[in-house]
Structure formats: C-alpha cells, structure tokens
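Q: Read off the chains here:
There are 2 protein chains.
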Amino acid sequence: MAGIKDVAAAAGLSVATVSRVLNGHPSVSEDARARVTAAVEGLGYRPNAVARSLRTDQTRTLGLVISDVLNPYFTELARSVEEEARALGYSVVIGNANERPELQDHHVRTLLDRRIDGLLVSPADGSSPLMRQTAEGPTPMVFVDRWMPGLDVPVVRADGTGAIRDLVAHLHGLGHRRLAIIAGPAATTTGHERVEAFREALHAYGIPLPAELVGQGDFQADSGRRVTEGFLALPEPPDVVFAADNLMALGALDAIRARGLAVPDDIGLAAFDDIPWFVHTGPPITAIAQPTAELGRAAVHALTDLIEGRPPQSVTLPSRLVVRRSCGEPDTAAPDPRDPRSQL
Amino acid sequence: MAGIKDVAAAAGLSVATVSRVLNGHPSVSEDARARVTAAVEGLGYRPNAVARSLRTDQTRTLGLVISDVLNPYFTELARSVEEEARALGYSVVIGNANERPELQDHHVRTLLDRRIDGLLVSPADGSSPLMRQTAEGPTPMVFVDRWMPGLDVPVVRADGTGAIRDLVAHLHGLGHRRLAIIAGPAATTTGHERVEAFREALHAYGIPLPAELVGQGDFQADSGRRVTEGFLALPEPPDVVFAADNLMALGALDAIRARGLAVPDDIGLAAFDDIPWFVHTGPPITAIAQPTAELGRAAVHALTDLIEGRPPQSVTLPSRLVVRRSCGEPDTAAPDPRDPRSQL
DNA sequence: ATCCTCCTTGTAATCGTTTCCATGCCCCGT
DNA sequence: ACGGGGCATGGAAACGATTACAAGGAGGAT
Chain A
236 MAGIKDVAAA
246 AGLSVATVSR
256 VLNGHPSVSE
266 DARARVTAAV
276 EGLGYRPNAV
286 ARSLRTDQTR
296 TLGLVISDVL
306 NPYFTELARS
316 VEEEARALGY
326 SVVIGNANER
336 PELQDHHVRT
346 LLDRRIDGLL
356 VSPADGSSPL
366 MRQTAEGPTP
376 MVFVDRWMPG
386 LDVPVVRADG
396 TGAIRDLVAH
406 LHGLGHRRLA
416 IIAGPAATTT
426 GHERVEAFRE
436 ALHAYGIPLP
446 AELVGQGDFQ
456 ADSGRRVTEG
466 FLALPEPPDV
476 VFAADNLMAL
486 GALDAIRARG
496 LAVPDDIGLA
506 AFDDIPWFVH
516 TGPPITAIAQ
526 PTAELGRAAV
536 HALTDLIEGR
546 PPQSVTLPSR
556 LVVRRSCGEP
566 DTAAPDPRDP
576 RSQL
Chain B
236 MAGIKDVAAA
246 AGLSVATVSR
256 VLNGHPSVSE
266 DARARVTAAV
276 EGLGYRPNAV
286 ARSLRTDQTR
296 TLGLVISDVL
306 NPYFTELARS
316 VEEEARALGY
326 SVVIGNANER
336 PELQDHHVRT
346 LLDRRIDGLL
356 VSPADGSSPL
366 MRQTAEGPTP
376 MVFVDRWMPG
386 LDVPVVRADG
396 TGAIRDLVAH
406 LHGLGHRRLA
416 IIAGPAATTT
426 GHERVEAFRE
436 ALHAYGIPLP
446 AELVGQGDFQ
456 ADSGRRVTEG
466 FLALPEPPDV
476 VFAADNLMAL
486 GALDAIRARG
496 LAVPDDIGLA
506 AFDDIPWFVH
516 TGPPITAIAQ
526 PTAELGRAAV
536 HALTDLIEGR
546 PPQSVTLPSR
556 LVVRRSCGEP
566 DTAAPDPRDP
576 RSQL
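Going down the list, the protein sequences come from chains A and B. Reading the first sequence from the start, the letters are residues 236 to 579 in our numbering. Reading the second sequence from the start, the letters are residues 236 to 579 in our numbering.
Note that these hints are calculated values from the structure, not bench results. Note that this is a predicted model, so its numbers are computed, not measured. Among the hints, erroneous ones may be present.
A pair holds if it fits inside one copy or across any two, identical chains being indistinguishable in the list.
To be verified - No more than 20 Å apart at the CA atoms, straight line, and that leaves these computed lysine to any residue pairs for SDA-like:
id : residue 1 : residue 2
1  : K240      : R281
2  : K240      : R367
3  : K240      : R350
4  : K240      : A468
5  : K240      : D348
6  : K240      : L347
7  : K240      : G279
8  : K240      : R321
9  : K240      : L289
Taking the hints into account, I'd like the entire structure generated from these sequences.
A: What follows is the structure in structure tokens.
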C-alpha cells in the first residue's frame with residue numbers, strides 16, 4: 236500500500252510538504268499543493284490513520300458502551316450518536332455490554348487500549364471499579380441515560396418523573412387503583428429511579444405500592460414474563476402492570492396472553508421507553524417516550540466539548556406520556572389517527 | 236499515561252524483555268516475567284494498541300458495514316457478528332449505511348483508513364466502484380446477506396426460495412389467489428431475488444404476477460406504506476401483500492389500518508425477515524425467518540479464515556416459514572402456544 | 001580447560017505519520 | 001547595497017510498540 240513517501244517521491248517533494256498539503260497547512264505553495272494532489276490521486280493514496288493517531292495522540296474516535304443493542308431504545312440512541320459524531324468528524328465504536336458488567340468492562344478496556352478520544356457510557360452496573368478509575372483517568376467521559384453517582388462525569392439523560400406522574404393520572408382517571416411495576420436492576424439508576432417516581436406519583440393519589448406489586452426485572456423480556464406471571468398468580472392481581480422498559484413490557488404481554496387474558500379488558504399494560512413497534516402491537520401500548528435522538532446528540536456534544544477543552548454540559552430532558560389503548564380507552568373521544576410514532 | 240519504557244524502568248529490564256513477557260514469548264526467565272508482571276500491575280500499564288498496530292500491521296479489528304441498524308434483522312446480525320468476533324479475539328466496528336450508497340462508501344473508506352484486518356459488508360448498492368476496488372485490494376472482505384455479483388468475494392447468506400415456495404403454498408391453501416409483493420431496491424441482491432423466487436413459486440400454481448402487483452420499496456417502513464396504499468387503491472386489490480422485509484411490512488400494516496381494513500379478514504400480510512415483535516402485532520405476522528445468528532457466525536469465520544490465511548468458505552443457509560395469523564387461520568387446528576420467536 | 005550450544009537479555013531499527021527547526025530565497029525598507 | 005522578515009521547503013526526531021540481531025553467561029561434552 237502506498238505511503239506518504241511514495242507520494243512525496245511521485246510529487247518530487249519531501250514528506251513534510253506532502254503532510255502539510257494533506258493537513259491543509261497554510262504555508263505551502265500552489266504549485267506544491269497541485270503536485271501533491273495529483274500524486275495522491277494517481278496513487279490512490281490514503282493516509283494511514285493508525286500512524287497518524289500514534290503521532291498526534293488522537294484517534295477522532297468515540298467509544299459508546301451500551302447495555303443492550305437489541306433493545307430498540309439503545310439502537311436508536313446509538314444511531315443518533317453515530318450521526319452526530321460523524322457530523323463533527325468523529326467515528327464511533329460501539330460496545331454492547333448485554334447487561335453484563337464483565338462484558339461492559341471488557342469493552343471499556345478495549346476502547347481505552349485503542350486510545351479513543353472519549354467515552355460515552357450507559358453503565359450496566361452501579362459499582363464497577365473500572366468505571367470509577369476510568370472516570371478519574373485522562374480519557375474524557377460522559378454518561379448517557381444511566382449514570383453512576385458520585386463521579387465527576389457529565390450526565391445526559393431523560394427525566395421520567397413528570398411523565399410517570401402523567402401516566403399515573405391517566406390510569407387513575409381510567410379507574411385503575413391497583414397498580415404494579417416491573418422494575419429494572421436496582422444497580423442501575425434507571426432501575427430504581429422509575430420505581431421511586433412511580434411510588435411517589437401513586438402516593439399523591441393515596442395509593443400505596445406494596446412489595447408484592449414491585450417485581451424485580453433485569454430489563455430483558457424474560458424477566459418481564461416471569462414477574463408478570465407472579466403478578467397474575469397473586470390472590471388479588473393488579474389492574475395495570477407498568478414495565479420499566481420496552482423489552483419487559485413485551486415479556487409481560489406474552490405472559491398475559493399465555494394466561495388467556497386480554498389487554499386492556501382483563502389487565503392494563505404500560506411501558507417506559509416508547510418504540511415504533513408499540514403502535515402495532517395488539518393493542519397499541521401506552522408508553523413513556525424519551526427524546527432518544529436528542530439525548531444522543533446532547534451526549535456527543537457534551538463529550539466533544541470535554542475533548543476539545545470546552546466546558547461540558549450535563550443535560551436532562553423531559554420524557555412524555557404517549558397514550559394508546561393498552562390501559563383502557565383514552566379519555567379523548569377521537570384518538571389521533573396519526574400516531575407520532577407510526578413514522579418509522 | 237505509562238508506557239512500556241516506564242514498565243521497563245520499574246522492572247529494571249529492557250523494553251524488549253517487557254514486550255516479550257507481554258506477548259508470551261517463550262524465551263524469558265521466570266524472574267523477569269514476575270518482575271514485569273509486578274511492574275505492569277503496579278503502574279496499571281496497558282499496551283497502546285495504536286502503536287502495536289502500526290508496528291505489527293494488524294489491528295485485530297473487523298469492520299461491519301450494514302444497511303440499516305434500526306432494522307432488527309441487521310441489529311441481530313451485528314450482535315452475533317460481534318459475539319463471534321470477540322470469541323476469536325477481534326473487535327468489531329460497525330458502520331451504518333442507512334441504505335445510502337455514499338454513506339456506505341464513507342464507512343468503507345474510514346474503516347480501510349483505520350486499517351481494519353477485514354471487512355464484512357452487506358452492500359446497500361449493487362454497483363459501488365469503491366466496493367469493486369476494495370474487493371480487489373489487499374484487505375480481506377466477505378459479503379453477508381446481500382452481495383455483489385462478479386467479485387471474487389465469499390458470500391454468506393440465506394436462501395429464501397424454499398421458504399417462499401412454502402409461503403405461496405400456504406397462501407394458496409388458504410384460498411388466496413391474487414398476491415402482491417413489495418420489493419426491495421432492485422440494486423440489492425435481496426431486493427430482486429425475493430421477487431423472482433415469489434414469481435416462480437406463483438408460476439408453479441399457474442398464478443401470474445402482473446406489474447401492478449409488484450411494488451417498488453426501499454426496505455424502509457415508509458415505502459411499505461406508500462406501496463400498500465397503491466395496492467389498496469387498485470380496482471381489484473390483492474388478497475395478500477408480501478413485504479420483502481420487516482420494516483416495509485410494518486408500513487404496510489399501517490396503511491391497511493389507516494384504510495380501516497382488518498388483517499387478515501380484509502387482506503393478508505406476510506413478511507420476509509422474522510423479528511421478535513411479529514409475535515405481538517395485531518395479528519401476529521406470518522414471516523420467513525432467516526438463521527440470522529448463524530449467518531453472523533459463519534460470516535466471521537469466513538472472514539477470519541481469509542485473514543489468517545485459511546481457505547474461506549461461502550455459505551448459504553436455508554430460511555424457513557413461520558406461519559402465524561396474518562394471512563388467515565393456519566391449517567393446523569391448534570396453533571402452537573409457544574411460538575419459537577416469543578423468546579426475546 | 002576449552003569449546004559449543006542454548007537460554008536470556010539488550011541495543012537499535014522499524015512501522016507511517018506529524019512537526020520542530022534550520023535553511024534558502026525573495027522582497028522590501030532603509 | 002545590505003539587513004531583516006516572511007514564506008516555502010526539507011531533514012530528522014519523535015510517537016510506543018515489536019523484533020532482528022548481537023552478545024553475555026551458564027552448563028555440558030570432550
């Protein structure tokens with residue numbers, strides 16, 4: 236493969252000049268610029284990014300470690316991160332932790348070894364020592380969606396409390412009183428925050444959240460199924476099940492159907508995280524939508540700010556309730572025929 | 236950040252010995268090994284992968300360029316590729332082409348610049364000059380799912396003809412005679428192959444496939460919606476619409492509902508590519524399932540074979556029909572309560 | 001005791017860039 | 001005419017690892 240030396244030889248110039256042309260250095264003659272351009276063209280030369288990175292100590296690459304690629308929420312987050320990063324001249328390398336702390340650490344280590352310029356993490360685990368250490372290390376880092384408290388790392392996330400209050404109001408308006416939640420892992424911020432927000436919102440209506448109506452899930456469909464089976468086996472099953480993420484909601488839907496029950500007539504279902512498919516399920520699922528794409532963009536900005544020496548900004552964006560039919564007929568007489576999420 | 240020199244100094248040895256220890260070179264004393272290990276531990280040293288790559292001319296990284304991350308089929312493919320690659324000691328960098336040839340080229344170029352050891356591509360476009368050029372270049376390459384004819388590049392893919400025949404038989408058995416298809420872009424292999432297989436399968440039953448029943452989509456939901464609206468506006472609309480991928484099927488479902496029609500009573504719907512959500516739609520959608528995870532694994536093996544100098548193997552795996560309820564009640568009296576896809 | 005071999009270690013070249021510094025040149029002001 | 005200040009260019013030193021080659025030392029065979 237042709238190197239910069241070959242270009243220099245072909246252009247009859249030194250490698251220094253070729254490098255200057257390639258990097259748009261001002262102090263280079265028109266003539267030299269033209270000769271180099273021609274030689275580059277002729278040889279099909281492409282600079283070796285590895286060598287360049289070694290020398291300049293920057294890779295123009297961002298790392299993104301997410302907890303589960305198969306979760307459409309994270310997929311969309313990843314897409315938006317990549318798009319924004321590309322617009323700013325960075326590449327993105329994604330590491331999928333699969334909700335497993337040791338895999339998460341593996342990816343963090345690998346990315347650090349590769350000398351990425353910055354790291355975007357949605358921690359699968361509340362207490363990874365590697366993460367603490369990384370946060371204190373020289374590589375810029377930003378948390379997105381989930382975070383770890385007590386670290387001096389900017390956080391970009393959505394706040395669900397308002398939307399959860401709206402959801403509870405909606406459910407209460409529909410006459411539901413016995414409400415259950417499938418929680419995420421307690422080790423994640425999103426895992427317990429959503430439960431607490433739910434509990435508080437219920438409290439405002441004087442509704443308690445007893446322990447038997449709080450199921451412990453792990454953000455995967457199977458756990459939603461399992462927890463829901465438990466709810467349904469209760470002497471007094473809940474009126475509505477609220478799943479703390481979309482995958483567990485799907486599992487819950489499975490469990491309800493397997494039991495021969497109908498949504499929403501026999502039991503209601505709502506989910507945190509709205510995904511395009513929720514429009515098409517039977518029935519369409521009421522959900523809390525995060526501004527996923529904006530989160531991705533904001534995270535990239537916070538990270539590049541950090542990398543390029545500007546003061547970074549933690550961001551918290553609001554989520555919003557999207558009412559569909561899985562908890563009973565909505566209050567509005569005529570449901571909007573063009574659901575905003577039906578635009579895939 | 237600590238470098239190999241610091242380790243050497245701390246251990247009282249030369250960098251050469253340190254490097255040897257790090258790479259498991261046999262000829263190094265127990266004593267040296269221990270001193271180096273201690274120094275590495277003490278300094279928290281991690282080798283700089285960039286420098287290593289420059290010297291050894293290998294990055295232990297694979298590139299994967301797919302057409303659309305938001306398509307669950309590709310997401311799962313990516314996941315399986317990453318897992319298998321990791322098991323073999325490689326990292327994976329994903330490039331999302333978003334079905335746009337110029338973006339695809341951008342990612343291919345970036346990956347090549349980064350000197351990845353091998354490239355896995357599902358071309359968004361049948362005729363990218365860059366792709367031809369890359370195929371002839373020194374970087375090992377393998378096509379997965381889609382491919383470009385006329386290039387000496389191994390192909391790992393699923394064959395849908397058998398399953399499409401099964402689908403047509405199923406539809407015919409249900410009494411459907413007027414069958415339409417939403418095709419993918421003609422520039423992709425999967426785009427036209429599926430139409431041809433469909434046409435042939437119909438032919439075996441003496442059913443024609445007139446031009447007005449072949450809609451031109453682009454593998455995105457919107458195109459499915461648009462094409463289906465066209466079908467429904469026909470003087471004689473089809474009995475069943477077969478979408479060549481899952482996203483277009485979702486668009487079709489939208490269009491049908493928007494028209495106030497019911498699936499399968501008013502019109503049937505089937506899709507190529509089975510995804511977990513098809514179990515939960517109203518009604519569950521009959522689809523053709525590809526062995527996605529196996530495809531990913533096989534692709535990684537073919538690529539690493541090429542990289543490591545073994546003879547690579549093109550692989551074609553069969554797809555299979557998964558009958559659900561979107562084309563009418565299945566023939567079997569009692570539908571299987573445990574749909575295989577309900578395991579997310 | 002001498003020589004040969006094997007094992008361990010160190011010195012230094014190398015990978016492909018960027019960039020500091022020195023050099024030569026041209027042009028301008030005096 | 002001469003000095004000085006750009007400007008364009010080239011030579012060579014990094015960046016942090018791997019590895020070819022050389023060399024020193026221990027130990028066995030003669």
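Q: Could you run down the list of hints and mark each one as holding or not?
A: For each hint, the structure was consulted:
1. K240 <-> R281: Cα proximity of K240 and R281: one copy only (12 Å, versus 31 Å across).
2. K240 <-> R367: The answer is neither: 44 Å in one copy and 26 Å across copies each exceed 20 Å.
3. K240 <-> R350: Answer is between; shortest inter-copy Cα gap is 18 Å, intra-copy 26 Å.
4. K240 <-> A468: neither (74 Å within a copy, 64 Å between copies)
5. K240 <-> D348: between (28 Å within a copy, 17 Å between copies)
6. K240 <-> L347: between (30 Å within a copy, 19 Å between copies)
7. K240 <-> G279: within (13 Å within a copy, 37 Å between copies)
8. K240 <-> R321: Neither. Shortest intra-copy (29 Å) and inter-copy (35 Å) distances fail the 20 Å Cα cut-off.
9. K240 <-> L289: both (18 Å within a copy, 16 Å between copies)
Hints 2, 4 and 8 from the earlier list are contradicted by this structure; the remaining hints agree with it.
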